[in-house]
Amino acid sequence: MQSNAALEYDYTVAKMFTYVTILFGFLGMLIGTTMALQLAFPELSNLIGEYGTFSRLRPVHTNTVIFGFTVSGVFATWYYFSQRVLKVSMAESKFLMTIGKIHFWLYFVGALIATVTLVLGISQGKEYAQYNWWVDIVIVIVWILWGVSMFGLIGIRREKVLYVSIWYYMACFLGIAMLYLFNNASIPTYFLSDGLGSINNSVSMYAGTNDALVQWWYGHNAVAFGFTVPIVGMIYYFLPKESGQAVYSYKLSLLSFWGLMFVYLWAGSHHLLWSTVPDWMQTMGSTFSIVLILPSWGSAINMLLTMKGEWNQLADNPLIKFMVIASTFYMLSTIEGPIQAIKSVNAIAHFTDWIPGHVHDGVLGWVAFMIMASLFHMAPRMWKKEIYSKKLMGIQFWMQTTGVVLYFTSMWVAGITQGMMWRAVDEYGNLVYSFIDTVTVLHPYYTIRGISGVLYLSGFILFAYNMYKTITAGKELTEEPQFRTPMA
Amino acid sequence: MTIQEIQGYSMFFMTILMAVLLYWYIFYLYRSEKKGERDFEKYGRIALDDSIDTSPVEDKLASEEDRRIKEQN
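Going line by line, the protein sequences match chains Z and Y. According to the numbering used here, the first sequence is numbered sequentially starting from 399. According to the numbering used here, the second sequence is numbered sequentially starting from 1044.
If you are wondering where the hints come from, they were derived from the structure by calculation, not from laboratory data. Certain hints may be false.
[To be verified] Cross-link-like lysine-lysine pairs, in silico, DSSO-like; alpha carbons within 27 Å at most:
#1 Z/Lys867 with Z/Lys499
#2 Z/Lys873 with Z/Lys719
#3 Z/Lys789 with Y/Lys1077
#4 Z/Lys649 with Z/Lys558
#5 Z/Lys649 with Y/Lys1103
#6 Y/Lys1103 with Z/Lys492
#7 Z/Lys413 with Z/Lys706
#8 Y/Lys1085 with Z/Lys649
#9 Y/Lys1113 with Z/Lys558
#10 Z/Lys499 with Z/Lys706
#11 Z/Lys873 with Z/Lys788
#12 Z/Lys499 with Z/Lys782
#13 Y/Lys1103 with Z/Lys558
#14 Z/Lys719 with Z/Lys413
#15 Z/Lys492 with Z/Lys782
#16 Z/Lys558 with Y/Lys1085
#17 Z/Lys558 with Y/Lys1077
#18 Y/Lys1085 with Y/Lys1103
#19 Z/Lys719 with Z/Lys789
#20 Z/Lys788 with Z/Lys413
#21 Z/Lys783 with Z/Lys413
#22 Z/Lys873 with Z/Lys741
#23 Z/Lys492 with Y/Lys1077
#24 Z/Lys719 with Z/Lys788
#25 Z/Lys741 with Z/Lys789
#26 Y/Lys1077 with Z/Lys649
#27 Y/Lys1085 with Z/Lys706
#28 Z/Lys873 with Z/Lys789
#29 Z/Lys649 with Z/Lys783
#30 Z/Lys706 with Z/Lys719
#31 Z/Lys719 with Z/Lys782
#32 Z/Lys492 with Z/Lys413
#33 Z/Lys413 with Z/Lys873
#34 Z/Lys706 with Y/Lys1077
#35 Z/Lys649 with Z/Lys413
#36 Z/Lys789 with Z/Lys867
The structure displayed is predicted, hence computed values, not measured ones.
Chain Y on its own, in the form it takes in the complex (with noise of 0.2 Å):
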């Protein structure tokens, strides 16, 4: 098998493995906001409550806070 083969065929698989990756990330996407377990469409106002006084969509501290609880318990 020449390296010319060899490039062509990894390029085939590499395509379908990626295909199938960005496809489950798009089952991904609906099927965790269908469970309830994100709404993706909220971030949508990240862009839209920006001033530095309003209150972030999801806070950063907050959620770092949540995560060191759930440790120590």
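This is chain Z alone, in the form it adopts within the complex (with noise of 0.2 Å):
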């Protein structure tokens, strides 16, 4: 490390994992809004063969959103915002420069090789986790090197104080290995089989009900460690910085992050409840759902307070508005998720729409809002342009919101329909409605929700405009701005 007077922080691995994100988001929804629209108009599965049915899809969709533009927007932010709360620059590190440039390539080839072994049907049949093992294998050595990159970044920093964004990206890297390493542990069946399976295709080392447990303690806490806590740690920098007030509560960050890393890893088994799990288990998701809303709210709700006394500029800066936003529908899926994790309400609520609309009031309002702010947020800095356009980004808020609330009121509704519906029996007992009648009776609210898709398919492809506006055509600027992103 090198004391120097013209140091500057270095962007070059964040700008290329920005294009990444915005590649992948694109795509993600894309293939989302298609499926949308296959839910309600069935037809519109036959168009490309077996490489565009819903089943087929729905995986390449979740990874993509998932592995592809969150985790490349928790990339592309980390690179950016922890030199400059480490207070150091990457180009005081050619080895760290080496390790961000070699995770930022095999990252991208890897997840586009993944990608294809979806879409060719290559899969191990675990929800969020169909990637065969030697794609698994790729995945293991790009998390190594982000982590390379990270403790050789802190170990080389002026600021001794972690700052507590520092700390949720920390507990993402910490949280997805251990998860991913215990619920992708699989064999390729050909060592099962004398020699008759396939090295390709490997299948689970747990099985039956120990599947399921190690599946949702793997997919609940997915849903903590990649949509929660860094998103978190991007909105104790990003929130402060835009607005330029320093966060409500440090010691409540401090206490929030603590709670939820005590409390997120045991509720995964709400996601088997009324299952052949043990009762205890079930009964311990569900209470430890219920308590999850504590240092959800903490931080969501100090989020909120951070803007206090500078709410005018809610009105006047499209970023607070995304990442006020962001934290409210954090504030409603976190306490949506709890409700429905009640035995009694799960039983009408499992397996039904109300699941989905929940997770997306959660991913579009919450995870997305907040990768589309800090990426708006870090481009004037890192490309040293005003960004293109305030009009543009106006119409993106209000057309992506509406899209988010037109998704989550629809499955709502939907759901508790089905639901209802599902249990209704007769004065014998008998079963009142068959399966097609629910069908027929979610048309509309299919079609609503694909009409959602589309505007927020519509929002991305204008902050995608946007963002190459402002790097190709956006006006030069001659300094840093400190805190509020300048847009013309």
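Put the two chains together into one complex, using the hints given.
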């Protein structure tokens, strides 16, 4: 590490991940919207043979938005803000810069190959863990490279105290590492069947209920450590920085962090309520899900209070709008999840459309809003250009907000209708409705969801266009803005 | 005692322990601030004063140097 007055932060790797975040965001949301329309108009499933069916596209959608869009957004923001809060430039270490670039290229090429495997139908059949064993190995190497990069940068920092966002990103790294390794432990079928199986195709090392438990310990904590922890880390840096207000209570941020770490890991069994797992484990999942409201709302309220006395910024800065509504959707999502985890509510909600409704008010309203807002904040600082259009950003905000609201409201109605119809019995105890009756009733809500997808995707295209024009045609900035992001 | 019972009891007591630790941490945060040992709220400035030419809120090199001097004495 050198001391150099002319030293600048180096955003080479952050820029590369920014491009990829936009690319995967577009692809993942395009596929998601296509699938929403397929559910409303099933004839759309037959356009490109096996490659365009709902069942083939579903893992492509989930993995692209999780491991493509969200994770590259996490990497992009990490390579940007970590230098700033640690007060060290990546340019100060050739080693870390090289690791960062290898990290990017291995991730990008690996992600493209991984996506192709899913399109071809190569899968180990576990939700959000479909990748075959050899793709998993590439993912593990990518993750280790991020770890080297992360702890390397922390090791050469000038700022002694690790800002709370760094803690959240470290938790993301460690949490995903642990979950991914345990849940993806698998064996190629070749070794299980006297050479009759396949080297390529693998099956889980766990069986039956144990497999389900490990899977949902993973599945729910992938939400925790992929969709929650790094995004909370993001808002703890970007909202104070954009608004010029220090976080309302730093102590509350620390407390919420440890609370979240303590509680989240125990909540996964709420995915298995009313199934063949031990009853105490189901009760534990429900209980911890409800307790989870506290640390989640602790962070969300801390963010809203950070704007105390500065609410005027909400009216004239669209980026603040994005972040404040993201925080609000986080609150909505983290009260809705615990409600669904109550056993009696879950008896109605389980397997219905209320569940994807819940997931999407979280991922579209919270995760994607925060990632887009963060990239908008970063762009003028990385490319030294003003944001191309404030007006476009405003239009994007309203299109996407309308999209999210239409999505979750239609799915609330659809899900509860479905749940009630499935349970309805006549005076003799016979089911009143057959499955197709529910499908017919749900059609209008599926259509509304399709429209919401089109709105959200169109907003994302506006975001991509605004970013592209900022980079290529934005007005040059002579000096770095301290707080508020400049926009034309 | 069956394995399920052992798991259940372990879970129960671990939860109590973790809850105690968490509440102890809250107590620690407020006590150390009240005693003037640490000011946690100043760390909020790290996000705001983050350009490379501003001074760190707590300089790592300076505090390592202090520790070395203390150890030598």
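Comparing the hints with the structure gives:
no., hint, result
1, Z/Lys867 with Z/Lys499, "25 Å, holds"
2, Z/Lys873 with Z/Lys719, "23 Å, holds"
3, Z/Lys789 with Y/Lys1077, "48 Å, violated"
4, Z/Lys649 with Z/Lys558, "17 Å, holds"
5, Z/Lys649 with Y/Lys1103, "21 Å, holds"
6, Y/Lys1103 with Z/Lys492, "21 Å, holds"
7, Z/Lys413 with Z/Lys706, "32 Å, violated"
8, Y/Lys1085 with Z/Lys649, "10 Å, holds"
9, Y/Lys1113 with Z/Lys558, "18 Å, holds"
10, Z/Lys499 with Z/Lys706, "40 Å, violated"
11, Z/Lys873 with Z/Lys788, "13 Å, holds"
12, Z/Lys499 with Z/Lys782, "22 Å, holds"
13, Y/Lys1103 with Z/Lys558, "4 Å, holds"
14, Z/Lys719 with Z/Lys413, "24 Å, holds"
15, Z/Lys492 with Z/Lys782, "24 Å, holds"
16, Z/Lys558 with Y/Lys1085, "13 Å, holds"
17, Z/Lys558 with Y/Lys1077, "22 Å, holds"
18, Y/Lys1085 with Y/Lys1103, "16 Å, holds"
19, Z/Lys719 with Z/Lys789, "13 Å, holds"
20, Z/Lys788 with Z/Lys413, "21 Å, holds"
21, Z/Lys783 with Z/Lys413, "14 Å, holds"
22, Z/Lys873 with Z/Lys741, "55 Å, violated"
23, Z/Lys492 with Y/Lys1077, "44 Å, violated"
24, Z/Lys719 with Z/Lys788, "12 Å, holds"
25, Z/Lys741 with Z/Lys789, "46 Å, violated"
26, Y/Lys1077 with Z/Lys649, "13 Å, holds"
27, Y/Lys1085 with Z/Lys706, "18 Å, holds"
28, Z/Lys873 with Z/Lys789, "15 Å, holds"
29, Z/Lys649 with Z/Lys783, "36 Å, violated"
30, Z/Lys706 with Z/Lys719, "14 Å, holds"
31, Z/Lys719 with Z/Lys782, "23 Å, holds"
32, Z/Lys492 with Z/Lys413, "17 Å, holds"
33, Z/Lys413 with Z/Lys873, "18 Å, holds"
34, Z/Lys706 with Y/Lys1077, "24 Å, holds"
35, Z/Lys649 with Z/Lys413, "32 Å, violated"
36, Z/Lys789 with Z/Lys867, "13 Å, holds"
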